[in-house]
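K.L.:
For reference, the chains in residue letters:
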Amino acid sequence: MNTDMQSIYLAIVLSPLIGSIIAGLFGKLIGRSGAHWVTIIGVGVSSLLSLYAYKYLMFDGGEIFNRAIYTWLTTGGINFEIGFMVDQLTVTMMVVVTFVSWMIHIYTIGYMHDDPGYQRFFSYISLFTFAMLMLVMSNNFLQLFFGWEAVGLVSYLLIGFWFKRESAIFANMKAFLVNRVGDFGFLLGIAAVLMTFDSLDYNQVFAQAPDFANATVNIISGSEWSLMTVICICLFIGAMGKSAQVPLHVWLPDSMEGPTPISALIHAATMVTAGIFMVARMSPLFELSETALTFVLVIGSITAFFMGLLGLVQNDIKRVVAYSTLSQLGYMTVALGVSAYSAAIFHLVTHAFFKALLFLAAGSVIIAMHHEQDMRKMGGLYRYMPITWVTSLVGSLALIGFPGTAGFYSKDAIIEAVHHSSLPFSDWAYIAVLSGVFITALYSFRLFFLVFHGKERMDRHTWEHLKESPAVVTVPLSMLAIPSVILGAFLIGPMLFGDYFTAAIYVQDQHDVLGMIGEDYHGVWAFTLHAFQTAPVYLALSGVLVAWLLYIKFPEVPQKIVGRTNWVYQILLNKYGFDTFNQAVFAGGACKTGSFLWKFGDVKIIDGVLINGTASAVRWFSGKIRNIQTGHLYDYAFTMIIGLLMLLAVFVHHLME
Amino acid sequence: MELNLPLLSLLIWTPILGGVWVLFVGDRQEETVKVFSLIVSILVFIISVYAYFQFDNTTAQLQFIEFREWIPVFNINYHLGVDGIAFPLILLTTFITILVILSAWEVINYRISQFMAAFLMLEGMMNGVFASVDAILFYFFWEAMLIPMFLIIGIWGGPNRVYATIKFFLYTFLGSVFMLIALLYMYSQAGSFNILDLHQLPLSLETQKLIFIAFFLAFAVKIPMWPVHTWLPDAHVEAPTAGSVILAAIMLKMGGYGFLRFSLPITPDASMALDGFMIALSLIAVVYIGFVALVQTDMKKLIAYSSISHMGFVTLGFFVGFAIFANTESSTGAVMALEGGMMQMISHGFISGALFLCVGVLYDRVHSREISSYGGVANTMPMFAAFMMLFAMANSGLPGTSGFVGEFLVILGGYQASFWIAFLAAMTLILGAAYTLWMYKRVIFGDIANDNVAELKDINSREIFILSILAVVVLLFGVWPAPIFDMMHPTIENLFQHVLQSKVG
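Protein chains in written order, with our numbering: chain L, 1061 to 1717; chain V, 655 to 1159.
Any given hint could turn out to be false.
[To be verified] Straight line, CA to CA, 30 Å or less: simulated BS3-like cross-link-like pairs of lysine-lysine:
(1) Lys-1095/V / Lys-1224/L
(2) Lys-1088/L / Lys-1111/V
(3) Lys-1635/L / Lys-1095/V
[To be verified] Covered by chain V, according to a simulated footprint, are these stretches of chain L (three or more residues, beta-carbon under 8 Å):
(4) 1115-1124
(5) 1244-1258
(6) 1567-1580
(7) 1593-1600
(8) 1661-1667
Because the hints were derived from the structure by calculation, they are not lab data.
Even for Gly, the Cβ is constructed at its ideal location relative to N, Cα and C.
So here's chain L without its partners, still in its complex pose:
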């Protein structure tokens, strides 16, 4: 059976790649419809087979697959291999990635309809699907890193898809470089793993990990650091880049320069959750270092709270959703920090659906508005775009955690988990995630009301052409709306409190906050009803209410608030100054350093003093000699080598005889 599964897993990974190659290399030949058919079929095959693998593993009691496919290289007695490990965690990710990707492929037909880079776009998003699958299905750190960087590459290509726009090509370079900062840490983490365990294979590393729980390393002489803390923090720095945690979050809002389908696929549903997935996968390592977990918790709660605030002041529809993504990634990270890995993955899954939905709905609005993204020029769209309106409402409710929706279960579980945690700073984190609920509701419904309700503020031309998007857009919206509602209720029992993940995620007993919650868990209905006795639901509802008051009932009030608290508004508008700081210190500093080293070090010292000093002496000397000779240098030189070579050749010939 395992061999059959191997070919199925190979097919899952390779069919998007093949689709991508065909669309990329032969795009002109097969034309627009050829390109979208070949990639949609590729990802479709992948998606259906993933569902099959899901059924096989979760319902039919199939075996966990873990096998090398080929040897990448062997050096110093270590085999670096490319291989797959498909367990419950992997197969969950596979289903999410391929399904969302499939929907977005279909949606793209509508969204990119008039774009000259149509084939290229399909090629990229299929390539992305391939890279993301390589990442989640890996059974070792090497391939994980390959997938990690490969999704970064495609993200770079897609953010800069409209390469004529200065803002887009700035954003994509920024995204790549900021991610590289994360990868820098990640690579050091991998190096530490290899040195410690003499292997990059997950199973071997995880099996040996407990032996090193108390090991220390000496990084700065004189101070001993816990080895596991160093490894985990290095790895987590990688996750901070990819999953956009403060302070490496700066690239994600700018990534909205890319076309909306990829904002949904890459910068909301899948790629940005790679860091969350990675930490969950590495739970046997992170569990060994409370310091690292605390670090994760602190970073996550800062991101969840402060990035949510920024969503309040944005006027670009996509940027609001982007900050919301940052904040939700913060929630997932918080869950990782308190060892509620399953809750993080649970939120990752539900978020993938409702956030993809929200982005695609935003895209649908943007199409209708003729690529206007400023919410101040929208309003009242519910009359013209009923499907987009309903699905947006569903997505927003799921995002704010309205009882019964998917987001409600996953977010509530995280908040409860933080509540039960005994890590340092978990009290602060609890306050952060609780107040985050109110903020989330406020900015989500600010968006919802500004776009779909209130006065119609668009110009006349746009208004005349307002209409619902075509079926290739609305069908994926509906397809994503369904899981955004029902998925939570289905998954919460098995995923958080059952044996869904079995051995895929490891939690030490003293960290097992979900186990504690599980003692009081009596089914979905009880959980839902219980929520009405807790704060988050009322925080969310009051957020909606405030949004309604501010943006529908008394639309002149927000301006007054801004006037009164202008300095706060300015801080938020400047995004806490991260961009200004990075631009001045890192970008500017690097250029200044480079200039200095070049102009002073290379040109002045090495060349100016050392080399040209010698050279001018020689030139003076050779000038004297040149007076004696005439003719061309190259004639002499050629004669010289030919002479030399002939001598040698004659000699060799002579010897051979």
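For chain L, the structure is supplied; the task is to place chain V on it using the hints.
P.N.:
Quick look at chain V alone, frame taken from chain L:
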């Protein structure tokens, strides 16, 4: 099928004799000259591929040995042989030469026969450098090689070529004179110029240090290491595209090859004693030069600096082994770093070659190497933009391309010596991406910047062919580097075991 051909002699003399013939045909029959040169280079490549299939991957011994007495009085011999270090570099040479000859097809329009002859002869001499077992034969090829390169820059080079050639010649010539002195000294001790005999020659630590420094001057200039690197950007800027490709892809590797063939095995104790110095210079190359590359305004200079930075990984990988061994008491990490350095040399051959070809493609059309002369090239040359994207990513060490493999292994190995070595080396992840992608952004992306760019024609089928081959190779060895490692593994393993043995009397 065993033909028992003198394969290495064929690899050396076929192109040299071909070059001589081309020279005699002269410029009157341009087409004949080009076609003939191409055929010769392909033939040489086929010979090297044939040799690859004969090559025994399981042994560290020299293979394809040829031995004839040359100057018996001094025990100097025409002694050839290759192992897992030399042979991959010969394959690289024969492969790159074909592309270089193709790249000049429509571009060089004067003295074409001399141009082709120079490259063919250069190929033979470079093969000679890698295949020589006799130190004097090695030295002969090593110096002779400078002449065609000198001519290539001097005749077909840019406006400032005189300065560049003098600088190039001075630097490299000065360095190698010291090597010759070291060789002569060792001959006086061992009575032999056979490199393998020199490997066994016992030497006191003080003597080793002197010899090490002499070798260092020759090889550090060649590869080049900081601070003797400043000839390279000038040479690249002035060299014609084909010259830059050969320079970057192969001639720099001579330095790395020298460290492996001479410095490490002949002076192991000195290498160990001075490894901190070598590691420091390597890391300076990676970081310092990375910053310098960032602010370059000339594309060729930028790639030249990027080469120096990448070569930092080669020397780091070669000399970090002692510290790894001291730290871990196992040769695993050291061998990994050494092989990573080797892989970096080979991969850099493809990637830097490809990048210089890309700049050449633009230069042929617009006659400027300045980044500011371009902008929005992707609008008019989409296919070119795609190729250059791939090579830019490979240059940034993206996994899945060959550029990743060597850097990855050297960083993994370096970590086993010290966290901080890996930390500084890994800076390349950020710096390499920064300078490469920033250049790419300014040249390729954006709106059409000027009329020159608006009139650009996308690459023709010849250019597509050249770049495709390189693209395939870069990707192939990125996803499956195993064949290269299998080829060199026994030799490197053996080398490191040898280096661990003290030679102090």
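K.L.:
Output the indices of the hints that this structure fails to meet, ascending.
P.N.:
4, 6 and 7
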